[in-house]
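The whole structure should be built from the sequences, with the hints applied where relevant.
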Amino acid sequence: MIEALEEFGLQDQSDGVKRWYDGFRYGNCSSIYNPWSITQFPDKREFKPYWANTSSNALVGKLIQESDRDIKIAVEDLIEGKSFRIALDEQIVFHEPDNNPDAVWSLLLASGYLKKWLPQSHWL
Numbered sequence: 001m002i003e004a005l006e007e008f009g010l011q012d013q014s015d016g017v018k019r020w021y022d023g024f025r026y027g028n029c030s031s032i033y034n035p036w037s038i039t040q041f042p043d044k045r046e047f048k049p050y051w052a053n054t055s056s057n058a059l060v061g062k063l064i065q066e067s068d069r070d071i072k073i074a075v076e077d078l079i080e081g082k083s084f085r086i087a088l089d090e091q092i093v094f095h096e097p098d099n100n101p102d103a104v105w106s107l108l109l110a111s112g113y114l115k116k117w118l119p120q121s122h123w124l
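Each residue of the sequence shown is one higher than the one before, counting from 1 in full-length UniProt numbering.
To be clear, the hints were calculated from the coordinates, so they are not data collected in a lab.
Among the hints, erroneous ones may be present.
To be verified - Once the Cα atoms are required to be at most 30 Å apart in a straight line, the calculated DSS-like pairs of lysine-lysine come out as: (1) K44 x K18; (2) K18 x K82; (3) K72 x K18; (4) K62 x K48; (5) K44 x K115; (6) K72 x K62; (7) K82 x K115; (8) K115 x K62; (9) K62 x K82; (10) K72 x K44; (11) K48 x K115; (12) K82 x K72; (13) K48 x K82; (14) K44 x K82; (15) K115 x K18; (16) K115 x K72; (17) K72 x K48.
Said to hold, decoys possible - With beta-carbon atoms standing in for the labels, derived distance ranges: (18) P49 x N28: 25 to 31 Å; (19) D43 x F84: 33 to 39 Å; (20) F8 x D70: 17 to 23 Å.
Virtual Cβ for every residue (Gly too), placed ideally from N, Cα, C.
Okay, structure coming up:
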């Protein structure tokens with residue numbers, strides 16, 4: 001990511017790119033950037049959710065619509081810019097959201113809708 005920014009003369013944008021697009025985590029590997037956004041940002045030079053509307057939101061919509069009241073309230077809070085803490089199961093199985101209401105958060109994280117927040121002192 002840093003090399004790509006340098007190639008486009010955007011090295012001064014690395015903090016913003018990290019805040020906007022560094023949201024994936026696989027096992028012990030963090031700092032995995034949203035690939036679609038990383039290919040779009042250097043060209044457009046604007047921070048925005050490039051991944052939006054690149055796939056169907058039907059599953060996420062279904063899960064939220066069928067969720068309990070607490071999850072709907074939490075989603076509304078997120079839309080308003082609030083945050084919350086929750087324990088996540090990163091080993092979620094695709095069918096679990098039907099059996100485990102809290103699995104919706106793991107699915108939202110895995111699909112890039114949510115991002116784990118770590119204090120800047122924990123960034124790699």
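Find the hints from earlier in the document that the structure breaks and name them by number, from lowest to highest. Going through the list in order, the structure violates hints 10, 20 and respects the others.
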